[in-house]
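Please model the entire structure based on the sequences and the hints provided.
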Amino acid sequence: MRDDASVIPGSESRGVGTGTGLTLGAGGKLGLFWRSLLLQSVWNPRGMQHVGFCFAVLPVLRRRRLDGDAAKAFLERHLEFFNTNPTMATYIIGAVAAGELEADEVGGETVADVKKSLSGPLGMAGDALLWGSLRPLAGLAGVMVALLGHAWAAVALLVLYNVPHLSLRARGIAAGVALGPAAAREVLGPRFKKAVRVCRAAGAFTAGIVLAVAFRGSGDFEPWRLVASGGFFALAYAAARLGIPATVVGLAGAVGGLVLMVHGS
Amino acid sequence: MSDGTLVLLLALLAGALSVDGTAALQLMFSQPLVAGSLAGLVVGDPILGLTVGATLQLVWIAVLPVGAAAFPDAALAGVVGVGLAGLLSRAGAPAGWSVAAGIIVALVSGAIGQRAIAVVRRLNVRYAAYAAQRAGLGDPGGVRVAVALGIATRFVVGAILAGAILGVSFVALQALPFAPPAGTFPTALWAVPLAAAGIAAAARTKTEWLFMGAGLVFGVIVLAGR
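Chains as they are written, first to last, in this note's numbering: chain A, 1 to 265; chain B, 266 to 491.
No wet-lab data here; the hints were simulated from the structure. Don't take every hint at face value.
Stated by the list, open to error - The calculated DSSO-like cross-link candidates involving lysine-lysine, where the alpha carbons are at most 30 Å apart (straight line), are: (1) K116/A / K72/A; (2) K29/A / K72/A; (3) K194/A / K116/A; (4) K471/B / K116/A; (5) K193/A / K471/B.
And the structure:
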């Protein structure tokens, strides 16, 4: 994750000019928000999120009443290759939509430049926070609640993940529309990196608690269970370092568990 | 409710959750703990849903669905695992066997679903080409059609896979030439160390290892006092 603002084009610009006089109100931002949720709908190996991105900014085409060659140019511009973290994409969608309402550019930069320069850093930042930190933390917290015997474990997972996730999406649209490409500065700085570190530490701490809760619930720390689990941990750790898929290791564990069950019965 | 109706409902649930997994929303309803809980409500056994869902959640806790990376279809696995365990329980199978069969078939389903995601993404290339063709004429309708097709395809593929795997595995397990074993399936014994190993392998700093150890000590102390 890069934390310098040098990747941000038009950093000194708000990205919203005065060409057409059109602006995005609350309804327009809400439209961008829900369309951003469909960003990955046509994900494919060639253009990746390009169709979803074009779909997200389509209301701009209607607002500007573009047709003919202008509409063709608009659509082709937004059907170019695009790929980033889907949540962080809201910063780019907001900035591009607001800029496109004014002209065919964003803060003095071409749309292609903005998308290209921001998608990489925002993708890395979003993947680190949402996929690499928040999702495991929410999953582990949900499992911990389940192991403690509460039926609302799934709700805990959903709330823990979606409150920051949806807030970040809403913030991305609002900041992108208001500040243009410079809005990305707020998620590429040291404060964001710190948030990732805190989330990862919290996830690791929760993993430790889950370990304790699981053993307490399944055998009151019987010595043979500790030895067996320790051995499996070592194998699973080695497998993970070697790049062996978790599904394969999980299947091995499940079959081993089945053998133990049959032997025990 | 007949077994057939139950399989149909579970298939529709799997289709909807598969959409959340890759094509739209991504609100984590596709996570196995959530998918398993919802499937548990459908089969009328929420505790079973939690048990299977939490186990699968632990197995795939460190898997990152990033960019072009291949990742298991956790939503399909969650629904299939709980659905199969529920169907077997309704048929009178011992609880431990139902859970074990559900989890093993779920893990295989996750891998099958992973291949299916790749197929759907190749189909998306065609939808994107259609969108681009219409765009060349200045028509934005192609983009809307492509988005609708992308979501619909993901739903249909998820639903068909879930229905097929549930149906085939249930019939096959019912036809086994031996009596299902009794006993408790020890999920925590392997799933929790697997999750801890995944988290540990992904740990970037010693601090994260320390936090995991601190969490373990904290958990033991708190639980010992209860």
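Against the structure, the hints come out as follows:
Taken as a hint, the K116/A and K72/A pair is honoured in the structure, with Cα atoms around 21 Å apart against an allowance of 30 Å. A hinted pair counts as satisfied when its Cα atoms are at most 30 Å apart, and K29/A with K72/A qualifies at roughly 24 Å. With a C-alpha separation of about 25 Å, the suggested pairing of K194/A with K116/A holds against the 30 Å cut-off. With a C-alpha separation of about 35 Å, the suggested pairing of K471/B with K116/A is violated against the 30 Å cut-off.
For the hint pairing K193/A with K471/B, the CA-to-CA distance comes to about 17 Å; that is within 30 Å, so the pair holds.
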